[in-house]
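K.L.:
So you can see what is in the structure, the chains are spelled out below.
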Amino acid sequence: MAEKEAVPIHDGLFKWPAGEAQLICSKCTGCGELSFPKKAYCTNPGCPKGDVQDTVLGKRGKLYSYMIMHYAPPPPFDKIHVNVPYGLGLVDFPEGIMVLGILTTAQEADLRIGREMEVILDKLCTNEEGKEVITYKFKPV
Amino acid sequence: MRQVMVVGVGIHKFGRFPGKSAKEMGRDAAIMALKDAGMEWKEMQAVFCGNTRAGVAAGNMMGALLGDTGVPIVTVDNACATAGSAFRLAYQSVAYGIYDKCLAVGFEKMPRGFIAPTPGVEDDDLLRFKLWGIPNPGYWAIRCRRHMTDYGTTAEQLGKISVKNHKNGVDNPYAMYQKEISLEEIMNSRLVCDPLRLLMMCAPDEGAAAAVLSTTKIARSHTTKPVTVVASEITSHVHAGSFELPDGSRRSVPMFPHPLTAAVAKKAYEASGLGPKDLNLVELQDTSSFGEIEYAEALGLCKLGEGGRLIDEGISERKGKLPISVSGGLLSKGEPIGASGLGQIFEVVTQLRGDAGPRQVANAKVGLAHTMGGAGNCSVVILKK
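So the protein sequences, as listed, match chains U and X. Each residue of the first sequence is one higher than the one before, counting from 0 in numbering that gives the first Met the number 0. Each residue of the second sequence is one higher than the one before, counting from 0 in numbering that gives the first Met the number 0.
Bound conformation, chain U alone (with noise of 0.2 Å):
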């Protein structure tokens, strides 16, 4: 990405090849359900039973629906970023799965249930060591 070492949030949530963001879920091969963040192992009681692996959702979903933080955020993530206000979505992926992600914008005109929305990297902050911290975060496109 940058000069720096980039770092992310969490583990195993998403892949970053290129400066783009990719996220991992997991998918049962028996019943075809998907957890993000990736489970070990499928929940569905009603499955078939089958192994759990990981795949990688596309780069576009629906926004289904986001809310605006006006109040600092409980701790650690007080920490970590952000500047109030800020946007949180839930997107809605044609693989069936929805995933919560902060939103590039917080702006009430950019944003509309509906709406494309695709999944980018972007940097959170620089943490102790000097290293950018970086998640996924969607952004209408």
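One or more of the hints may lead you astray.
Taking lysine to any residue and the SDA-like style, the derived pairs with C-alpha atoms no more than 25 Å apart in a straight line are [claimed, not checked]:
hint: 1; chain 1: X; residue 1: K41; chain 2: X; residue 2: K129
hint: 2; chain 1: U; residue 1: K14; chain 2: X; residue 2: L126
hint: 3; chain 1: U; residue 1: K61; chain 2: X; residue 2: I97
hint: 4; chain 1: U; residue 1: K14; chain 2: X; residue 2: L125
hint: 5; chain 1: U; residue 1: K58; chain 2: X; residue 2: Y138
hint: 6; chain 1: U; residue 1: K14; chain 2: U; residue 2: E4
hint: 7; chain 1: U; residue 1: K130; chain 2: U; residue 2: E115
hint: 8; chain 1: X; residue 1: K129; chain 2: U; residue 2: N82
hint: 9; chain 1: U; residue 1: K138; chain 2: X; residue 2: L190
hint: 10; chain 1: U; residue 1: K48; chain 2: X; residue 2: V237
hint: 11; chain 1: U; residue 1: K61; chain 2: X; residue 2: K41
hint: 12; chain 1: U; residue 1: K37; chain 2: X; residue 2: S248
Between beta-carbon pairs, the in silico distance windows are [as the list claims (entries may be wrong)]:
hint: 13; chain 1: X; residue 1: D124; chain 2: U; residue 2: E128; range: 24 to 32 Å
hint: 14; chain 1: U; residue 1: G57; chain 2: X; residue 2: S181; range: 44 to 52 Å
hint: 15; chain 1: X; residue 1: F16; chain 2: U; residue 2: D121; range: 40 to 48 Å
hint: 16; chain 1: X; residue 1: K129; chain 2: U; residue 2: P139; range: 23 to 31 Å
hint: 17; chain 1: X; residue 1: G272; chain 2: U; residue 2: V140; range: 47 to 55 Å
hint: 18; chain 1: U; residue 1: D109; chain 2: X; residue 2: P71; range: 52 to 60 Å
hint: 19; chain 1: X; residue 1: D246; chain 2: U; residue 2: V55; range: 20 to 28 Å
hint: 20; chain 1: U; residue 1: P75; chain 2: X; residue 2: K41; range: 56 to 64 Å
hint: 21; chain 1: U; residue 1: P74; chain 2: X; residue 2: A63; range: 27 to 35 Å
Here are some chain U residues the structure puts well away from chain X; computed CB gaps all over 12 Å [to be verified]:
hint: 22; residue: K14
hint: 23; residue: P16
hint: 24; residue: K26
hint: 25; residue: K48
hint: 26; residue: D50
hint: 27; residue: Q52
hint: 28; residue: R59
hint: 29; residue: P74
hint: 30; residue: V98
hint: 31; residue: L120
hint: 32; residue: T125
hint: 33; residue: E127
hint: 34; residue: E128
hint: 35; residue: G129
hint: 36; residue: K130
For the record, the hints were derived by calculation from the structure and aren't laboratory data. Ideal Cβ positions, reconstructed from N, Cα and C, are used throughout, including at glycine.
Mind docking chain X on chain U? Use the hints.
P.N.:
Using the frame of chain U, we list chain X on its own:
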């Protein structure tokens, strides 16, 4: 299976009480419930204590204040459905003939502000605080925004629910807030998690409540006003996820109705043989005004999407066809997690006995109490005169 009755109820005012411990509040509520039941602490055959934050074996710590009788004490933690779960354990103990007299008591002291992750605990819940900084109201706000789009629910309806509940709270001496608030003040209050404003949300606070449960025979020999427990059900997460279309593609399941509330309400209606039409009053999880809208729908009090109509048409007012939150709701009482559900049960029992004074719902015969907790815990209790 035996019929179970609530023979006594007690409550410690909800609010903030610096210097008073949660267990002391629990003791006060328990003493009041026992006195109401005409029974003594030493008669209790089992005690189920709802508490999430007072430390290990909080129930035992509370019990020690009442006397070391050796009674089996179990501390229950099911997030916001804690008290409903403690009540369920007491209920099932009597119903299935394990004990004849049980006490359910919830007590809690919540810190101010957003409920934060438990320090030093690396549980699943920490992740959402780490990744997104989303507090509980954030999830309600996301659901609320979708509901507004799907069904035309308005910010003004949210405001009017808050007006109603605060007005009801004026007549509840056990509520933290006993003051009317105007619609204008509510609609001008600060946005917290847009679209939810500060005065549309409840405050985590402190308090306690208790209920003594017994067999019908014992109840009738102790009180002229026993109340029957016709349902006490709890549920955990039910799998939703996605479903497969005939062409093999998948779709996420829609958000509404609230799946856990709908699931536990169904169990409660089946267990009691009653339905939404039989209810005379409802206390539910109005942690925000939106909660009253979506849970009313999931409880079957109205059709999906029509939750806002209940306030617009005055149906949920105290003198309306189906009063909701006559106690003032969580909006007025606040939410001491371990006690909340028992606080609702206190209100419903008081109403069914005709003892609610200015809060009294005319001809109250059947009441429902609903709490919805984090990590997927939901409880519904139905009580009948």
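K.L.:
Give a verdict on every hint.
P.N.:
Verification of the supplied hints:
1. X:K41 x X:K129: 47 Å, violated
2. U:K14 x X:L126: Holds: K14 of chain U and L126 of chain X sit about 18 Å apart, inside 25 Å.
3. U:K61 x X:I97: 53 Å, violated
4. U:K14 x X:L125: At roughly 21 Å apart (the allowed maximum being 25 Å), L125 of chain X and K14 of chain U satisfy the hint.
5. U:K58 x X:Y138: With a Cα-Cα distance of about 24 Å, the restraint between K58 of chain U and Y138 of chain X holds, given a limit of 25 Å.
6. U:K14 x U:E4: 15 Å, holds
7. U:K130 x U:E115: 32 Å, violated
8. X:K129 x U:N82: Satisfied, since the Cα-Cα distance of roughly 15 Å is no more than 25 Å.
9. U:K138 x X:L190: Given that 25 Å is the threshold and the Cα spacing comes to 23 Å, the pair holds.
10. U:K48 x X:V237: Measuring from Cα to Cα gives roughly 18 Å; hence the hint holds.
11. U:K61 x X:K41: At roughly 60 Å apart (the allowed maximum being 25 Å), K41 of chain X and K61 of chain U break the hint.
12. U:K37 x X:S248: Within the cut-off at roughly 20 Å; holds.
13. X:D124 x U:E128: 24 to 32 Å: 26 Å, holds
14. U:G57 x X:S181: 44 to 52 Å: The hinted range 44 to 52 Å holds for G57 of chain U and S181 of chain X, with Cβ atoms some 49 Å apart.
15. X:F16 x U:D121: 40 to 48 Å: 45 Å, holds
16. X:K129 x U:P139: 23 to 31 Å: 25 Å, holds
17. X:G272 x U:V140: 47 to 55 Å: 52 Å, holds
18. U:D109 x X:P71: 52 to 60 Å: 58 Å, holds
19. X:D246 x U:V55: 20 to 28 Å: 22 Å, holds
20. U:P75 x X:K41: 56 to 64 Å: With a Cβ separation near 47 Å, P75 of chain U and K41 of chain X fall outside 56 to 64 Å, so the hint is violated.
21. U:P74 x X:A63: 27 to 35 Å: 33 Å, holds
22. K14: 16 Å, holds
23. P16: Holds, since 21 Å exceeds 12 Å.
24. K26: 10 Å, violated
25. K48: Fine: 15 Å to the nearest Cβ keeps K48 of chain U off the interface.
26. D50: With a cut-off of 12 Å, D50 of chain U remains clear of chain X, as the shortest Cβ separation is near 17 Å.
27. Q52: 15 Å, holds
28. R59: 15 Å, holds
29. P74: 6 Å, violated
30. V98: 10 Å, violated
31. L120: Its Cβ never comes within 12 Å of chain X, the nearest being 14 Å, so this holds.
32. T125: 17 Å, holds
33. E127: 16 Å, holds
34. E128: 17 Å, holds
35. G129: 20 Å, holds
36. K130: K130 of chain U clear of chain X: closest Cβ-Cβ about 16 Å, beyond 12 Å.
In this structure, the earlier hints numbered 1, 3, 7, 11, 20, 24, 29 and 30 are contradicted, and the remaining ones agree with it.
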